[in-house]
Amino acid sequence: MVNIEVVLFVVLAVLFVGSGIMVITRRSPVLAVLYLILNFFALAGLYLTLQAQFIAVIQIIVYAGAIMVLFLFVIMLLNLKDEEKLIEKITARKVLAVGLSAAVMFEILYIIWISTPGIERDVAKAEELGRVEAIGKALFSDFLFPFEVTSVVLIVAIVGAVILAKKKLD
Amino acid sequence: MIDLNSYLILSASVFVLGVIGVVTRRNAIIVFMSIELMLNSVNLTLVAFSSFLGDATGQILVFFVMTIAAAEAAVGLAIVIALFRNKQTVNIDEINILKW
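So the sequences go chain by chain: A and B.
In terms of the numbering used here, the first sequence is numbered consecutively and its last residue is 170.
In terms of the numbering used here, the second sequence is numbered consecutively and its last residue is 1100.
Since the hints were made in silico from the structure, they are not lab data.
One or more of the hints may lead you astray.
[What the hints assert, rightly or not] Quick list of in silico lysine-lysine cross-link-like pairs, BS3-like style, CA-CA up to 27 Å:
(1) B/Lys1087 - A/Lys94
(2) A/Lys167 - B/Lys1099
(3) B/Lys1087 - B/Lys1099
(4) A/Lys137 - A/Lys125
(5) A/Lys89 - B/Lys1087
(6) B/Lys1087 - A/Lys137
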């Protein structure tokens, strides 16, 4: 019997990895952004399979909605005319880089392999944790200070972005 | 039932895809997108551990990572715009004024 959970995981995993490969191989940045949005939707689906509903929703609203629109706007603003100058060539250095990255991947997989924790998942508890209620409670009690610091980080980012993108400083 | 290792392996492979993107691509915007890929794959690891261990801290950390990613994207894209205004390119091989 085919388990629906396994089917869902495999479909989402293939989408997640496949769109990731498309992001790093597309020549046009616009296509890469669109594949990255697909990647984020697949990731939101994976979060749902882990009963993390709140994270899945903000993944779509914040990432796919806000950050990717920012990327698209910048690509549109830049209006890259010298696209042909950006054509990527396969050099020995790049092949070496991909080889080294693959080595890193096998190291990570080896570490995962030798340290198999074999934790059993308590689905009911996970579902309880993923709700807005649980996350909000933790955020406004145990993690109140980091939460407030986040607002400082955001205001610094806003000021920094405006100053960097300004034509002339006066 | 999907086990924890499947999620960890999936997230590791997408993290490495992000690494490959950062080290091989020359378009600064695509390098940024690869960084987002890496951030997201680590988020998947955090959520998987959070769900399997029954501890909400991992999901809180993902929340903060998303905030930092938003800040990073805003500042990073502003830097790309400033560079493009000065050098008319987003090719990171030609942006080498800090190199000597």
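Hints and how they fare:
1. B/Lys1087 - A/Lys94: holds, 25 Å
2. A/Lys167 - B/Lys1099: Distance ~24 Å between A/Lys167 and B/Lys1099 Cα, so the pair holds.
3. B/Lys1087 - B/Lys1099: holds, 15 Å
4. A/Lys137 - A/Lys125: Measuring from Cα to Cα gives roughly 16 Å; hence the hint holds.
5. A/Lys89 - B/Lys1087: Holds, at roughly 22 Å.
6. B/Lys1087 - A/Lys137: Status violated; Cα separation ~48 Å.
When held up to the earlier numbered hints, the structure conflicts with hint 6 and nothing else.
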